[in-house]
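The whole structure should be built from the sequences, with the hints applied where relevant.
Chains B and G, in that order, give the protein sequences.
Numbered according to my numbering, the first sequence spans residues 1 to 429.
Numbered according to my numbering, the second sequence spans residues 1 to 429.
Interface residues of chain G toward chain B, partial, derived using beta-carbon atoms under 10 angstroms:
1. R2
2. G20
3. G39
4. F101
5. R141
6. T171
7. D172
8. H361
9. P419
10. Y420
Once the Cα atoms are required to be at most 30 angstroms apart in a straight line, the calculated DSSO-like pairs of lysine-lysine come out as:
11. B:K388 to G:K91
12. G:K388 to B:K91
13. B:K426 to G:K388
14. B:K388 to G:K24
15. G:K388 to B:K116
16. G:K79 to G:K10
17. G:K412 to G:K209
18. G:K25 to B:K388
19. G:K106 to G:K79
20. G:K388 to B:K24
21. B:K388 to G:K426
22. G:K388 to B:K106
23. B:K25 to G:K388
24. G:K116 to B:K388
25. B:K388 to G:K106
26. B:K30 to B:K91
Just so you know, these hints were derived from the structure itself, not from any lab.
This one's a predicted model, so the numbers in the text were calculated from it and none came from an experiment.
Glycine residues also receive a C-beta, built at the ideal position from the N, C-alpha and C atoms.
Protein chains: 2
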Amino acid sequence: MRAYISELSKHIGETVTLEGWLVKKRSSGKIGFLQIRDGSGDVQGVASRADLDEVSWQAIEELTQESTLRVSGVVQEDKRAPSGVEVHLGKIEILAISPEFPISPKEHGVSFLMEKRHLWLRSSRQRAALRVRSEVSQGIRDFFYERGFTLIDSPILTPAACEGTSTLFETDYFGEQAYLSQSGQLYLEPAAAALGKVYCFGPTFRAEKSKTRRHLMEFWMVEPEVAFLEFGGLCELAEEFVCALVARVLDRCSAELATLERDRSVLESITAPFPRITYSDAIDALKADGLDVSWGDDLGAEEETALASRFGKPVLLTHFPAAIKAFYMEPDPDNPDQVLGVDVLAPEGYGEIIGGSQRIHDHDLLLERIRAHDLPLEAFDWYLDVRKFGTFPHSGFGMGLERFVAWVTGLKHLRETIPYPRMLNKIYP
Amino acid sequence: MRAYISELSKHIGETVTLEGWLVKKRSSGKIGFLQIRDGSGDVQGVASRADLDEVSWQAIEELTQESTLRVSGVVQEDKRAPSGVEVHLGKIEILAISPEFPISPKEHGVSFLMEKRHLWLRSSRQRAALRVRSEVSQGIRDFFYERGFTLIDSPILTPAACEGTSTLFETDYFGEQAYLSQSGQLYLEPAAAALGKVYCFGPTFRAEKSKTRRHLMEFWMVEPEVAFLEFGGLCELAEEFVCALVARVLDRCSAELATLERDRSVLESITAPFPRITYSDAIDALKADGLDVSWGDDLGAEEETALASRFGKPVLLTHFPAAIKAFYMEPDPDNPDQVLGVDVLAPEGYGEIIGGSQRIHDHDLLLERIRAHDLPLEAFDWYLDVRKFGTFPHSGFGMGLERFVAWVTGLKHLRETIPYPRMLNKIYP
Numbered sequence: 001m002r003a004y005i006s007e008l009s010k011h012i013g014e015t016v017t018l019e020g021w022l023v024k025k026r027s028s029g030k031i032g033f034l035q036i037r038d039g040s041g042d043v044q045g046v047a048s049r050a051d052l053d054e055v056s057w058q059a060i061e062e063l064t065q066e067s068t069l070r071v072s073g074v075v076q077e078d079k080r081a082p083s084g085v086e087v088h089l090g091k092i093e094i095l096a097i098s099p100e101f102p103i104s105p106k107e108h109g110v111s112f113l114m115e116k117r118h119l120w121l122r123s124s125r126q127r128a129a130l131r132v133r134s135e136v137s138q139g140i141r142d143f144f145y146e147r148g149f150t151l152i153d154s155p156i157l158t159p160a161a162c163e164g165t166s167t168l169f170e171t172d173y174f175g176e177q178a179y180l181s182q183s184g185q186l187y188l189e190p191a192a193a194a195l196g197k198v199y200c201f202g203p204t205f206r207a208e209k210s211k212t213r214r215h216l217m218e219f220w221m222v223e224p225e226v227a228f229l230e231f232g233g234l235c236e237l238a239e240e241f242v243c244a245l246v247a248r249v250l251d252r253c254s255a256e257l258a259t260l261e262r263d264r265s266v267l268e269s270i271t272a273p274f275p276r277i278t279y280s281d282a283i284d285a286l287k288a289d290g291l292d293v294s295w296g297d298d299l300g301a302e303e304e305t306a307l308a309s310r311f312g313k314p315v316l317l318t319h320f321p322a323a324i325k326a327f328y329m330e331p332d333p334d335n336p337d338q339v340l341g342v343d344v345l346a347p348e349g350y351g352e353i354i355g356g357s358q359r360i361h362d363h364d365l366l367l368e369r370i371r372a373h374d375l376p377l378e379a380f381d382w383y384l385d386v387r388k389f390g391t392f393p394h395s396g397f398g399m400g401l402e403r404f405v406a407w408v409t410g411l412k413h414l415r416e417t418i419p420y421p422r423m424l425n426k427i428y429p
Numbered sequence: 001m002r003a004y005i006s007e008l009s010k011h012i013g014e015t016v017t018l019e020g021w022l023v024k025k026r027s028s029g030k031i032g033f034l035q036i037r038d039g040s041g042d043v044q045g046v047a048s049r050a051d052l053d054e055v056s057w058q059a060i061e062e063l064t065q066e067s068t069l070r071v072s073g074v075v076q077e078d079k080r081a082p083s084g085v086e087v088h089l090g091k092i093e094i095l096a097i098s099p100e101f102p103i104s105p106k107e108h109g110v111s112f113l114m115e116k117r118h119l120w121l122r123s124s125r126q127r128a129a130l131r132v133r134s135e136v137s138q139g140i141r142d143f144f145y146e147r148g149f150t151l152i153d154s155p156i157l158t159p160a161a162c163e164g165t166s167t168l169f170e171t172d173y174f175g176e177q178a179y180l181s182q183s184g185q186l187y188l189e190p191a192a193a194a195l196g197k198v199y200c201f202g203p204t205f206r207a208e209k210s211k212t213r214r215h216l217m218e219f220w221m222v223e224p225e226v227a228f229l230e231f232g233g234l235c236e237l238a239e240e241f242v243c244a245l246v247a248r249v250l251d252r253c254s255a256e257l258a259t260l261e262r263d264r265s266v267l268e269s270i271t272a273p274f275p276r277i278t279y280s281d282a283i284d285a286l287k288a289d290g291l292d293v294s295w296g297d298d299l300g301a302e303e304e305t306a307l308a309s310r311f312g313k314p315v316l317l318t319h320f321p322a323a324i325k326a327f328y329m330e331p332d333p334d335n336p337d338q339v340l341g342v343d344v345l346a347p348e349g350y351g352e353i354i355g356g357s358q359r360i361h362d363h364d365l366l367l368e369r370i371r372a373h374d375l376p377l378e379a380f381d382w383y384l385d386v387r388k389f390g391t392f393p394h395s396g397f398g399m400g401l402e403r404f405v406a407w408v409t410g411l412k413h414l415r416e417t418i419p420y421p422r423m424l425n426k427i428y429p
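Below is the structure:
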């Protein structure tokens, strides 16, 4: 019976056929061990010379790392094995011999590995990271689906450059300038008026000439937008969302977290409620810690890390000065120079993973802010319509998938959290 | 208690508060009817003058289409109502009065509606179509998740133009030419060597100067790719996939199909197995029907429609001439001038919804095909590596989300199956 390695524990005592790649092998005169990968998992095949025909035994000799093979054998329980089983081989068939694989278990430089990204994907750590990414992606979709959100895919190709073109990728759209989207928010708000609770989750683009471990030119962002949701509810939604995703990874990615040597206990402590701190209190706390910051400064990576490390949990940073945030954020009624915005800062130096706000829903106030920010009014004509025809309080946030995955897996660099990273001067393969 | 309209049937006899938009109203001297939408559904509020304070009663007079309101009332069962309930209002509060809404229940031209797409989304048919789209998207993710596939988000920004630039959107990537992706397949194949069963599902781009109801410049495509899957298994996967999605829509989108006046019985007949016909037999059948086609022709919309209408079910069209298909398709061992490709043609004139194939996994044969197709070899260096280091038979397909949604909803034009369509000379809003 043809089987996948991930299912073998259901077939103990049965004879199965597996197809996959040779990860590594060792053999003595009478017994051989083959570590086989089929994409669903890894398993050890045990080959005893006495049980094998000559062609099969010879195959062990010939097989190289990453060669493809088909084997048949009996599944046996093996409590010491990570998979819980091993396969006692009766037949080994070579499908294709691989020449020397460029990536051996020895150390390689990152620029070499990035050039060979299409092959590096086969490494156990890379597979683990991408499985976590896949699980988190599905977790995000399920979270919103189960809560009655409608998926609204926002467009990638957008017309006017709403907030300056310096970090936008540009393309010709049948004679017009078009730009690759940096956020679906403006497109979600009209959809929230139609469907109440909506979200988008797709690639976004930022042509930023920065070469840090926290930036990618192309990354995936999830953005919910909820009609009649105000600031308090938004903070709760963000908190619930982070907790649900962390819990899901703990529940379903144990093997991957182990491969990545991620400390589970750090993640197990991530439960609601998260600590909350206003921007003003944060500035005071950072000053008390000796950092050189003043009220009105935009907090950078260093300040975010310092702040988050005070708590050991994600922190909700709220009530920012209006001047350092986007034009559409609702003013705090108690302090009109501040806005009802929230950033969620991850601990362990991962910084901002979520940014959101209640949106201005008063037509005239929004108009005033567009003008005050010197934005081209004609580009916001349709966006203003949301406030004209039956306006409503609403809120939303955005979360970068790669930043979340980096934090949850403990990976230091975003480039390992996405299959084919796009970085400064790096668009291959 | 604050409630959503979709949940009201669980609250019969209780007093709830709803927030939403006025769809329409009618009133006589002593009783008023308000149709309210909150994004989760529509419900009728019944207002009796005797039960309301003066401000609430006056509000009925003042409310216009698309004004926002907050109402409180008692939920009562009403078997005649589509939602199964109505709300006997005790209080009506105006949140914001809307000026005359541009889209009234009367007929509007499509170009006007497209200009007002951000408002048109509120119409019942548009909401229904986008809910089906959202359900199908989740259905696609669940289908692959449940079968152990790993999501591999393929990049949008890609370097070399593998197959000519005439239909590609182009952008500057820090001094290099880059192009918006038309398919993730080439990126999935190396990932299949790492993770076995993989898929991508994201936006794809085609700068085609065509203005038909079957084309969008930006659309979403799902593409599975499976290691060690051969042609027969591929056809079964495609069949199972289509059936699962149709069944899910029938199961979970009854109200939406009713709104769109879709004939359910057509969808209920979509069960496996689908009829299969080879390209050669199809040509003979079309000739017999009097169409002017010859072996070797690429079938167009007219031929696809004629072919699919013979069956009333999706048809698997297989074994195409190699010359009219992509370079990477595996030759049929019995007829090397034909390839192991499959198109799934939807009935009712919707044409191709799926295209797939077994991929060439022999390194030298693939190299020969790349040369024969005059493709730039250096662009396929890394792609050839998949065949070099442990090659394996594998197969995959692509399905355009919008074409599937158009077929399942019975919508004639793709533009209504995506929130913000991008068409020839049309990139607003």
